[in-house]
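S.K.: Protein chains in written order, with my numbering: chain A, 1 to 316; chain E, 1 to 316; chain Y, 1 to 316; chain B, 1 to 316; chain L, 1 to 316; chain S, 1 to 316.
Calculated directly from the structure, the hints in this document are not laboratory data.
Fair warning: this is a prediction, and the values are worked out from it, not measured in the lab.
Incorrect hints may have been included.
Where chains are identical, the list cannot tell them apart; a pair therefore holds if satisfied intra-copy or between any two copies.
With a Cα cut of at most 30 Å, we get these calculated DSSO-like pairs of lysine-lysine [stated by the list, open to error]:
#1 Lys310 to Lys78
#2 Lys239 to Lys313
#3 Lys151 to Lys69
#4 Lys310 to Lys239
#5 Lys34 to Lys78
#6 Lys78 to Lys313
#7 Lys239 to Lys140
#8 Lys310 to Lys139
#9 Lys140 to Lys73
#10 Lys151 to Lys139
#11 Lys139 to Lys78
#12 Lys151 to Lys310
The primary structure of each chain is shown beneath.
Protein chains: 6
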Amino acid sequence: MQHDIAVADMQLGDEIEGFYVLSSASLRTTGAGKPYLTGTIADRTGSVDLVVWDYTGELSADSAGTVVKVRGKVSEFKGSRQFAAGRIRPADGNDRYDLDELVPTAPIDRGEAMREVEALIASMEDADYRRAAEAMLAKKREVFARIPAAKSVHHGFVGGLLMHTLSMLRTADFLAGEYAEVINRDLLLCGTLLHDMAKAEEFTFSPLGLATDYSLEGQLLGHPVMGAQAAARLAEELKLPREKSVLLQHMILSHHGEPEFGAAVRPMCAESELLHLIDMIDSRMEIYAETFSELEPGTFSGRVFALEKKIYKPQG
Amino acid sequence: MQHDIAVADMQLGDEIEGFYVLSSASLRTTGAGKPYLTGTIADRTGSVDLVVWDYTGELSADSAGTVVKVRGKVSEFKGSRQFAAGRIRPADGNDRYDLDELVPTAPIDRGEAMREVEALIASMEDADYRRAAEAMLAKKREVFARIPAAKSVHHGFVGGLLMHTLSMLRTADFLAGEYAEVINRDLLLCGTLLHDMAKAEEFTFSPLGLATDYSLEGQLLGHPVMGAQAAARLAEELKLPREKSVLLQHMILSHHGEPEFGAAVRPMCAESELLHLIDMIDSRMEIYAETFSELEPGTFSGRVFALEKKIYKPQG
Amino acid sequence: MQHDIAVADMQLGDEIEGFYVLSSASLRTTGAGKPYLTGTIADRTGSVDLVVWDYTGELSADSAGTVVKVRGKVSEFKGSRQFAAGRIRPADGNDRYDLDELVPTAPIDRGEAMREVEALIASMEDADYRRAAEAMLAKKREVFARIPAAKSVHHGFVGGLLMHTLSMLRTADFLAGEYAEVINRDLLLCGTLLHDMAKAEEFTFSPLGLATDYSLEGQLLGHPVMGAQAAARLAEELKLPREKSVLLQHMILSHHGEPEFGAAVRPMCAESELLHLIDMIDSRMEIYAETFSELEPGTFSGRVFALEKKIYKPQG
Amino acid sequence: MQHDIAVADMQLGDEIEGFYVLSSASLRTTGAGKPYLTGTIADRTGSVDLVVWDYTGELSADSAGTVVKVRGKVSEFKGSRQFAAGRIRPADGNDRYDLDELVPTAPIDRGEAMREVEALIASMEDADYRRAAEAMLAKKREVFARIPAAKSVHHGFVGGLLMHTLSMLRTADFLAGEYAEVINRDLLLCGTLLHDMAKAEEFTFSPLGLATDYSLEGQLLGHPVMGAQAAARLAEELKLPREKSVLLQHMILSHHGEPEFGAAVRPMCAESELLHLIDMIDSRMEIYAETFSELEPGTFSGRVFALEKKIYKPQG
Amino acid sequence: MQHDIAVADMQLGDEIEGFYVLSSASLRTTGAGKPYLTGTIADRTGSVDLVVWDYTGELSADSAGTVVKVRGKVSEFKGSRQFAAGRIRPADGNDRYDLDELVPTAPIDRGEAMREVEALIASMEDADYRRAAEAMLAKKREVFARIPAAKSVHHGFVGGLLMHTLSMLRTADFLAGEYAEVINRDLLLCGTLLHDMAKAEEFTFSPLGLATDYSLEGQLLGHPVMGAQAAARLAEELKLPREKSVLLQHMILSHHGEPEFGAAVRPMCAESELLHLIDMIDSRMEIYAETFSELEPGTFSGRVFALEKKIYKPQG
Amino acid sequence: MQHDIAVADMQLGDEIEGFYVLSSASLRTTGAGKPYLTGTIADRTGSVDLVVWDYTGELSADSAGTVVKVRGKVSEFKGSRQFAAGRIRPADGNDRYDLDELVPTAPIDRGEAMREVEALIASMEDADYRRAAEAMLAKKREVFARIPAAKSVHHGFVGGLLMHTLSMLRTADFLAGEYAEVINRDLLLCGTLLHDMAKAEEFTFSPLGLATDYSLEGQLLGHPVMGAQAAARLAEELKLPREKSVLLQHMILSHHGEPEFGAAVRPMCAESELLHLIDMIDSRMEIYAETFSELEPGTFSGRVFALEKKIYKPQG
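My request is simple: use the sequences and hints to build the entire structure.
M.R.: Given below as structure tokens:
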């Protein structure tokens, strides 16, 4: 019997006991009328199908997204690995396990990342945009540092929004220098900080912090409109000049570039045009990184849904 | 010398004195170095090119959208009528002219129309939606009754927004009855009343009340986003339940149907789907009416810009 | 043993005997070489998978769409209900069952609906259009009252075409009043009555009256072209003036709005524009109604194929 | 004074008398109040602007499309040639001029072309399709040999439909041999003969035989639908089997290939697929021929409207 | 026991021994921990699922595309035929089987086809284009005669490229005569010969000669660009005039017609326009032929992936 | 009389003598039969219409793009400035004027820019990519430093290609650091240097160095294909490994992102994806800069052709 083996390392025939996230669960009945539990268990390294025969315990579909303790054997079903558990129970307060091992988390030092964000805000010269950035960060600090930036696609892990935003801020800072003739650095940085903040309200989150679904607002309004509304309120509270309030809202509304990709309006100023392209760069590079992590050098991926194409990982 | 002849009735050779709107104006110099004024004068029946040779008065490009008194003769230039004025001056406080004759105005009794709108609001059973409708009307009453619904396309005349909205409310009322199984009449009526309210801030208006251009907000945010924001504030003030606030905002954001036609999100509930189609009906029927007014029965129009096609006016 | 339980009400473990429609059937052999029958049984409330082990009777794939008598038990297979029948046989002349319970049927009084259609036709003032409507109804009366308006999508039940057409006629009648300036009421009503008539030839129908597939003409010509051709013949028989014949054909050819959605030409007169939008309203509202019937308030549907999006059913 | 100089050969300063087609005409008044006639005169080689100062004769806009006798001088206006006529009058019965020189005509021997069409029809083995082809040709013989195939785009000259159809029939004959495994030669030839026949009713024609505009049916129904209707009637008269009638109609309805290019349905059998591609070949090759006739070898054309691109004429 | 039965003729219950291509293979383990082999075997008439219980031999996923000898019985699994083999082993040098029966091959005499291609090349009058055609054929002769023209879609069999190219050359020859006014026959023939030559490098091929996947160049550059590059080199070697080299490259780059279908540039000369349409004709006719081979007269196919539609095979 | 006034500073009534570029020219005849010259003169600050009455000199349309000496007066025609020259003659070897004042030139120090490009190349660690970059620069050094990057759109001035490429190299350098996990810096830098090199052959250039038109290759092959071909040759000469050659070609072929915008293939590796986005950033920022240079703060531009939208220049 092995303990707390990473899901990615489970081998056919391994007998394992450990703590995992129950990602999904469903109570079923066999043809012979016997109850069983089927679903998925996962940790930060991946997921594997689960089956528990003759199950009569308390777990059900509602338990999805919680931590369980299992004991069983890695078998195979239709060409995929399957974890056949003899025992399973919810984890409780007395159990000791490392949540960071169970939930996928951004590969960054979040404390240091927050300090870098704050330093960039502090460097803004325009008092209006700086106050807006500071106020927004003050309101959202904790959630901003914790939530993923998406359900799956890219940055879909704890700390994803912070990682995505900081990476974009760095590029924004660099490009504001390169194109100082047309770019207002403070507007660009402030818009970059705010552009995805409403993801906190666009999604519903599991107890472990992952985005599980869109919220009512997320579906019927969309995060660009929600974010622009929050910016408008903030601008009002801070008594920002009208043009600055409109520009900040416009940055957020247009950051998806084209209406067919979710922009409420198309970018019409240099800073919103650039924000959209920086967002494209960071999201695409992360998609490549996540796809490459499961790809051999010198081979093509399957069709990547978010890119609508295959991609190639060079040999060297 | 004739007086205040309607522009539509001006004939080649007519000598006319009267009051007209100076729609546009430009100071120029002839090859020989002499100053002259060129532009357009108009009343509610149409417009005609204007030229004033050897002009040295106070009128200029900035005078566009004001009323002038002119005296001159209807001549012809390159196949079009041209009003060659010998005299021209701004109208002043002592002048007597009928503004309703000069500015195109909705062919409805605006007082009666407002009463019909109010009666429909009063008939709403859901107290939340009724209060929202009443509060919005209280805030915007005067501007709602006066402004056009567009720069040109359709309903581009004084009272156009009221006419467009009332016509849609009537159809909404009828269809809410036909599809009572899926339609919440109060949500549909409230969303219909609010859907174009932000046109008041989307445009800038001439002194005579016509839409002359898009405002900064109109260009960078768009009236669906602006209207949804106003609805969100209203819902907050009135302490509407969260779902009702979200649904009202969604109605406004999605009433253009598809992102490529300006919707921030696509309609996702029965009432927003229907609002979009009612808006299509009323705007298209008005475009047909405006195009037909200048078309002989049994003939085709030229290409109608807003429809991207020719249309046909049947003989009988 | 229970009798004739509605499919929607069948519970795991129920033992049931009754009459149902055999929607589909397939004879198979087990790995061990034993014959069995698999397929689906249905009534107007829904459908359930069927399995009959060791089956050697006369039923086969060709029996799809007929009524059978079954006796068996509701079990479960891969998370779905399955009716495991011990006995099954074709219904015959001596059996007593209510066909209306077995086949999905429009939730309207069809006799009354036909009278309302006739009253609307009788109200037409233009003798040409009225005669065309009367003649078409005389030719098609029975099939018009009986067939579905589609295979699935919307109104895919017995009486669907009548229900869809009447609903559109009511809205056409209302809107013809609202837009009397541009709409010829008689042309609109006549075109509405005729617009989907050719569905009778576009589909092939099962013995129980449901649309099972497209006919040769349905695939190679399409119902708009077929309907326009029928209208042209009718107009010839009735010696309608040329323009009226052309307009009626145009209404039918263009009622899908855009070529990419099946219109042979785009709408180019006010009545065809409006007919298209009324068709959109009635088909969309029915799709919402049919989707809502299986959706909890306050939840989103899955992706609705015909709408290419999810929809939301509000809480109240 | 020169006589009947071809328009293409008119040089600045030439004094010319001759017969030309008055393509368009408009009565105007100068700034000084003097009447003049402006318009265009043309022959088969091209067209030139016309002006007649102080004109008080009987010609007007309604005279467009008739033959006139003019006397005047070739001058220049804004960089283009202009024919300034001192005299102009309608041609009458006593005048002698060669109509073939005035109207653009297909560069083929039309009698011989008709015989080739007939020989191809006679070679058809399927009696049904051959009878349909013969009957259609009998009905339309004269108009088929005379009308253009378009207003402008390609084959817009007298005899254009015959030239276009014969050229396609030859290619159809060849390809039916190459792809005998999938192609029914008789269906392909019959469909090719019929595919554009309804152009006779799609356009209105000038007295000289050129297409001047779309007819009411041409706009509201389109020639594919009109042609399919004619084929359906013919099939009925000749008592063709149902499938053959449907296939002939389908060939005509689908010959534009895609709905966005005017097809009422997409091609769904091998013969309609091939008919569409043969039509593409002949129309495109004629567009190249017509564009090349005004292009130097080794140069690019301007943007060709019907192709939405520039084309290149190689040097050798 | 029967021997070497064609896959298309295998019946449920047949006991068969013979040689087949192992198209795909996968080693699996049952729930009970026993190893088995699953995959597909095929010959030129079709393919069937394979299962070998308790398999412990040398075959694995890497054996795909090789010939095996099997012995077993045709059974059924989930409504499809399945070949349950008791024995299976790789074919070796001592085995006797007819490779032509195992691998799908073009239904033409390849030697005769090559002679016809050469005769067409020899008939070219322009020495430059003729030398280019001869040189390319000299370089690629063997591969040109052998490889398929695609992975699946159309002409996906041994000799497919030769069959496709010859068929196009014949049509090119015919059309060059029909449109001699605008078409340079030698450029058209030369471009046709070269247009798909780079398919040899676009794909990787199985030992038996079928295209198994795209190569690195095939994915990252595409065969039009690769073919144009080869043509440029050839033109350089042969010292062709600049315009002729550019035109040949352009023919190859543009033969897919539109960028969205893989053209690097759109056709801009008459010969490239025609080449594209000839390619459409031959590929579409082959798709019809391949689809018809499995379709009953008077029925519709399922959706044909490459055409994005269903097609109809007429009754006669 | 003033001398060599910048075109942007010319005022109505100014009398000026100086050297300008004759951008376009056309010989015409007045209604009265007198010859005159019309066209445009320009310097790096802008352009103005030119007219020379009674002109009989040697200048003609062929003189476009050369330097002339003019003497005349700034007048006005139809609301625009017009330079009415009394004298005009070609500049000759004895004339003294500053070409840099006449031709628009990149606002950079070209020598320093070249050194920065070289330093970035020298910093590449992969010897293959570095040698490719060095070899390409060695071949193209002079033309690379001199030509514009476009006819108009953006960077359409002398030195434009160098300015555009250096700016992109800097951003590439920065982003290669940010995304070191997925980006091969040397491939990215090398691809960036090469991506637009073929613009040297895509255009024809005026004697003064501006792009006047597309070359034959530019139209029929396009610069991505031409550039990839040059890269392939270079890779062959330098004996680069196959994958590196393919990747470099792929970078160039795909740098326009989507086929509809001119990409021969879509980007399929991280470096080509990023190159495309960096190209978007630099071209868009330059379009903003060029549009802003003629726009007041707080106003919208007219529709910018290359962006298909209006843009806004904020107030501050």
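S.K.: Which of the stated hints cannot be reconciled with the structure, identified by number in ascending sequence?
M.R.: 8, 9 and 11
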